[in-house]
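Number of protein chains: 4
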Amino acid sequence: MRFFSDNTASASPEILDAILAVNRGLEPAYGDDRWSQQLERVFGEFFDTEVRVFAVATGTAANALALATLAPPYGAIFAHEEAHVVRDECGAPEFFSGGARIVTVPGPHGKLSVEGVVRALESNPPSVHTVQPAALTLTQASELGTVYRSAEIAALAEIAHAERLAVHMDGARFANAAVTLGCHPGAMTWRAGVDVLSFGATKNGALGAEAVVFFDLARVADFELRRKRAGHLLSKSRYAAAQLLAYIESGLWRRNAARTNELARRIGAAATGRLLHPVESNEVFIGMGEDAKRELRLAGFEFYDWGAKSSGEARFVVSWDQPEEDVAALCAALSPPGARISPR
Amino acid sequence: MRFFSDNTASASPEILDAILAVNRGLEPAYGDDRWSQQLERVFGEFFDTEVRVFAVATGTAANALALATLAPPYGAIFAHEEAHVVRDECGAPEFFSGGARIVTVPGPHGKLSVEGVVRALESNPPSVHTVQPAALTLTQASELGTVYRSAEIAALAEIAHAERLAVHMDGARFANAAVTLGCHPGAMTWRAGVDVLSFGATKNGALGAEAVVFFDLARVADFELRRKRAGHLLSKSRYAAAQLLAYIESGLWRRNAARTNELARRIGAAATGRLLHPVESNEVFIGMGEDAKRELRLAGFEFYDWGAKSSGEARFVVSWDQPEEDVAALCAALSPPGARISPR
Amino acid sequence: MRFFSDNTASASPEILDAILAVNRGLEPAYGDDRWSQQLERVFGEFFDTEVRVFAVATGTAANALALATLAPPYGAIFAHEEAHVVRDECGAPEFFSGGARIVTVPGPHGKLSVEGVVRALESNPPSVHTVQPAALTLTQASELGTVYRSAEIAALAEIAHAERLAVHMDGARFANAAVTLGCHPGAMTWRAGVDVLSFGATKNGALGAEAVVFFDLARVADFELRRKRAGHLLSKSRYAAAQLLAYIESGLWRRNAARTNELARRIGAAATGRLLHPVESNEVFIGMGEDAKRELRLAGFEFYDWGAKSSGEARFVVSWDQPEEDVAALCAALSPPGARISPR
Amino acid sequence: MRFFSDNTASASPEILDAILAVNRGLEPAYGDDRWSQQLERVFGEFFDTEVRVFAVATGTAANALALATLAPPYGAIFAHEEAHVVRDECGAPEFFSGGARIVTVPGPHGKLSVEGVVRALESNPPSVHTVQPAALTLTQASELGTVYRSAEIAALAEIAHAERLAVHMDGARFANAAVTLGCHPGAMTWRAGVDVLSFGATKNGALGAEAVVFFDLARVADFELRRKRAGHLLSKSRYAAAQLLAYIESGLWRRNAARTNELARRIGAAATGRLLHPVESNEVFIGMGEDAKRELRLAGFEFYDWGAKSSGEARFVVSWDQPEEDVAALCAALSPPGARISPR
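Protein chains in written order, with the numbering used here: chain A, 16 to 359; chain B, 16 to 359; chain C, 16 to 359; chain D, 16 to 359.
Worth double-checking, as some hints may not be accurate.
Here are the in silico distance ranges between beta carbons for each label pair [as the list claims (entries may be wrong)]:
1. GLY322(B) with GLY197(A): 57 to 63 angstroms
2. ALA236(B) with MET303(D): 43 to 49 angstroms
3. GLY322(B) with ASP47(A): 21 to 27 angstroms
4. LYS324(A) with SER326(C): 32 to 38 angstroms
5. GLU305(A) with SER326(C): 40 to 46 angstroms
6. GLU173(C) with GLN52(B): 34 to 40 angstroms
No lab work stands behind these hints: they were computed from the structure.
The beta-carbon is built from N, C-alpha and C at its ideal position, and this holds for glycine as well.
Take these sequences, add in the hints, and give me the full structure.
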């Protein structure tokens with residue numbers, strides 16, 4: 016029973032159907048196919064504003080390309096110290112930007128706080144001797160499974176814009192956050208001040224498709240050239256486009272996220288009192304001790320250790336195609352002995 | 016009737032079947048899935064030698080990652096002046112390598128010649144004031160549709176190795192070349208001195224899958240880190256692996272290439288006397304004059320101009336799913352008036 | 016009365032004499048002059064071990080070139096959060112290394128602690144998804160004027176080497192630290208485990224000359240190419256060499272540092288009770304309140320604010336050519352009213 | 016008798032006097048000293064237009080920083096195939112720009128021709144798949160000792176600007192060219208369309224000082240940050256500024272260049288019939304055969320081989336402090352046997 020990560024998931028049937036549907040005949044490449052040409056209209060309707068959309072193959076590419084467009088080589092990018100761009104991209108933002116620096120900011124439960132960002136900005140005043148504050152990036156849902164409220168995003172964006180920083184959102188788990196908030200996708204993005212979004216679909220049911228969405232059209236700048244130069248302009252572009260269109264138009268994004276959020280909620284409920292962070296998306300972080308982790312693994316559960324070595328912390332991620340029985344079994348295993356009688 | 020490029024092709028049924036076949040259940044990501052784990056065995060058998068294989072999404076990524084592994088930031092990479100890495104990758108090799116320089120070398124029909132490479136090496140002697148010769152890259156089949164004989168590759172590789180340059184082959188159309196030569200895949204690669212190969216599958220039937228194949232295992236070095244850092248480590252790695260396995264194991268590589276080569280041969284035969292280069296793969300370059308091009312376009316044929324402005328040159332590329340009627344029609348349209356009596 | 020920085024100093028007479036002495040006749044360039052040829056012998060004697068020495072024009076160049084030689088583009092460099100490479104080089108290490116990341120580590124009084132480094136290493140375990148720990152850099156004397164004891168350096172180097180990190184020392188104020196410790200220059204460098212040193216001379220009396228000194232000769236690698244490529248291979252190399260030779264051979268390094276250390280000590284004594292850090296080199300950090308700072312400035316003293324805005328902190332740096340009267344006046348101004356009677 | 020290069024020269028007395036004159040007292044650093052503050056006024060008068068001026072330590076730094084400011088990482092820089100930026104800077108322009116490509120252009124006698132540039136531009140039309148034409152750089156005097164007439168520069172600049180390329184001039188031997196043309200410094204720069212100039216002083220008498228001069232003030236952009244980040248913002252900036260001021264204000268630039276041009280002219284006259292290029296600055300290229308070169312070396316003359324191996328070509332460069340006797344001796348040695356009767 017695998018709870019390693021939502022990237023262990025397969026692709027949703029809707030996605031494969033869409034791929035099969037476009038698999039006919041010769042079609043212009045490099046984004047000139049008829050499906051890629053619909054991306055901006057469909058994303059525009061989804062977000063209720065004019066956008067520019069660029070498909071890429073991975074979330075790391077989406078983040079690094081977006082940030083490199085926002086920050087010069089001598090720029091500073093402010094990010095939560097647990098952010099994916101900090102901890103899991105092998106320096107991709109530095110690579111794509113030509114050496115911009117990520118300034119890490121602490122904050123409770125994986126989220127940036129206004130105070131944290133203000134302090135970081137004050138500690139990094141621009142001068143000719145220093146890197147130049149250029150962008151703020153926040154992750155929605157965060158790496159610790161929590162979700163920014165739209166007002167929180169707006170407050171952070173206001174600070175950033177006041178210092179002329181661009182605002183980027185890493186939305187690898189965008190759908191999970193949107194479902195949790197129950198708000199319009201525009202409310203937690205451009206209406207709250209987000210300039211550029213890495214829109215994830217792969218973790219939530221696509222085979223492999225992400226999009227960089229520009230709300231601030233002036234910031235697109237040289238994005239297309241950067242994408243090509245990084246080997247991320249897909250030749251047979253119809254297949255990524257088809258995935259993104261199906262993901263949005265069929266409502267798949269919402270269905271899959273609603274399911275994984277709900278299953279994660281159940282796991283969280285079973286671990287009451289031991290949760291390290293509020294369960295607001297499809298990730299659950301539990302402080303259970305090393306013994307309990309060992310027992311769980313013996314019982315067939317697969318998951319990642321978290322935190323410092325021997326911290327006793329564990330991370331469980333629910334995939335869109337996670338069997339419901341896996342979750343029921345995990346809940347049972349996590350529930351305190353007395354509670355295990357109750358039927359589920 | 017589209018003859019723009021083989022990247023306008025769809026994906027072969029064998030490829031989609033393979034994708035569907037692996038689309039079940041939770042599976043480790045980032046190359047730890049059971050199909051990715053088979054890549055080195057299958058490619059090893061294909062090439063009849065031990066290899067290291069890394070899947071990536073695009074040919075530009077394959078080339079740039081391979082070259083960045085072979086050349087330091089202050090290195091020089093010798094390439095034909097018409098090579099894809101020179102003309103069609105928006106500076107990807109420079110980006111991935113951190114600024115290595117591509118030294119362009121002329122040569123007839125898109126192929127490097129021994130004399131050309133020797134002259135280029137002599138003109139670029141290493142000193143502390145210059146970039147350092149580091150790699151030679153050749154394209155098989157070449158950008159002009161021609162194919163290096165194994166002995167030609169061996170002669171070039173010998174020169175390169177004598178100067179301690181690594182040898183890279185851009186095999187975006189590897190299958191077409193292999194079919195033309197009718198030789199074992201190992202004969203035109205590692206047995207001829209190729210150290211690293213960009214093995215293309217996308218143009219010849221895959222949905223989107225390329226592989227970097229190291230024959231010189233010592234050169235792998237930090238490839239994995241570079242791939243991750245460039246956003247080219249695919250999370251749901253099973254899908255690229257499945258494509259590559261099916262492409263090789265089902266013989267699809269040979270079937271599709273044999274078909275496109277044959278169709279290109281027919282087009283070439285119809286254009287006898289006007290061919291700019293020998294037709295040795297699925298590309299045909301014809302000097303026909305601007306008037307003839309205009310006529311062809313009016314007749315519904317789509318293709319790219321080639322050469323200098325108003326040169327009257329045209330490129331036709333055959334895709335694996337090119338309707339045979341398209342080719343017949345093109346042949347008829349190309350044939351000299353007297354020959355046009357034959358019914359279509 | 017300027018206490019801004021020791022880079023406001025002029026050049027010592029010994030330095031100008033040395034420049035004049037080599038200013039005759041045509042002489043090979045780019046390090047082939049007869050004075051550059053002596054650098055490795057003279058530095059070797061100074062440090063009592065075989066070294067490789069490369070002159071450069073600035074401390075930022077020395078640090079960035081050294082670190083780029085030690086860390087790959089996907090490397091992590093561990094540095095104190097107040098280090099010059101972090102706060103005052105506009106991202107030069109990132110630029111020169113092609114995007115390596117500086118991981119900042121807190122520590123009391125500007126110095127790395129064993130615990131701090133251990134924690135940072137534990138928080139950054141290498142995997143294919145992360146930057147790879149590659150180097151530790153420490154500043155001697157530190158940015159806050161404190162000095163590592165040789166045993167402290169040895170302890171840090173031991174940890175670093177155990178994790179296969181290279182150890183770099185930013186010695187922009189190397190002489191001040193050496194005089195404070197009263198130890199052999201080798202004791203606080205290679206004998207303590209330092210692999211590469213940025214040896215500063217400019218702040219302490221040179222006109223403009225720094226040296227990168229490799230104790231671990233195997234690490235020199237491609238340094239020469241990197242230096243050239245960064246525009247830091249000086250054509251008329253004799254002048255930088257002459258400065259460095261005079262700086263060491265005439266004992267200037269010690270004389271100037273002894274003087275500035277002593278003057279700083281006096282300022283520190285006058286500010287007893289308000290010192291933010293121990294005074295161990297030529298820098299004094301005082302917490303005096305914004306009012307006192309304003310008064311001092313009205314009285315003609317020039318110095319930098321320190322710390323957070325309105326923190327009331329100030330930094331005073333003594334230059335080698337600082338008039339003794341400036342220091343006496345500053346001491347008087349800093350001394351508490353009652354104490355001002357005592358003669359100095 | 017050394018004719019290797021003008022960078023084997025010492026520093027002119029005027030330069031050392033200027034250094035000594037500013038060597039007093041504490042002075043703001045990093046360009047805030049009172050001499051640096053005069054640079055823009057003095058250069059402005061010299062060129063008769065408003066300019067922005069930045070001092071750096073080397074010509075490679077000047078060129079690479081200027082070009083990196085003009086060309087994005089995915090840009091193309093058009094340069095003569097013999098240019099210093101191509102052959103003698105170890106890839107510095109690629110490094111500073113983050114991977115821009117230098118497209119080499121042939122042309123007679125080391126100079127770009129209108130036809131050559133037009134052809135190169137036509138061969139590199141911008142598209143999303145290619146590097147983007149961004150800058151044209153020309154060297155004045157050229158690497159082969161020839162000099163562009165102002166009208167030639169204007170013609171090249173016109174083509175460049177028509178395609179929206181910026182125009183850079185590598186003026187490592189600017190003074191030699193200006194003296195040869197006898198024109199106002201503005202005539203062969205901004206009035207002819209040059210946007211940015213690398214103004215050399217080191218080869219022609221300075222100890223080590225070059226300047227980047229922006230005529231197009233809008234192009235300054237982030238130059239200051241790039242300079243700092245590359246370690247080329249000199250802390251004790253007064254010394255470079257003093258050199259540049261003395262170089263211009265004392266007329267040293269003209270005196271030294273006039274002398275070396277005249278001496279080179281004599282050498283050229285002695286080699287009539289064997290000159291490879293017109294002698295228009297302080298460099299002389301002679302095709303004399305390997306035997307004659309060997310003889311010259313036996314006679315005590317030092318110089319570089321030129322061209323292909325065993326080409327029999329040699330380069331002689333006159334330094335500002337070249338003894339007149341060296342030149343007389345060389346002329347005698349070069350003169351045809353019959354002519355050698357004439358007394359020296």
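Okay, the hints, checked on the actual structure:
Between GLY322(B) and GLY197(A) the C-beta distance comes to about 59 angstroms, which sits within the given range of 57 to 63 angstroms. The hinted range of 43 to 49 angstroms is satisfied by ALA236(B) and MET303(D), whose Cβ atoms lie roughly 47 angstroms apart. Distance hint for GLY322(B) and ASP47(A): a CB-CB separation of about 23 angstroms, consistent with the stated range 21 to 27 angstroms. The beta-carbon spacing between LYS324(A) and SER326(C), approximately 37 angstroms, falls within the hinted interval of 32 to 38 angstroms.
For GLU305(A) and SER326(C), the Cβ-Cβ distance of about 43 angstroms falls inside the hinted range of 40 to 46 angstroms, so the restraint holds. Against the hinted window of 34 to 40 angstroms, the Cβ-Cβ separation of GLU173(C) and GLN52(B) comes to about 39 angstroms, which satisfies the hint.
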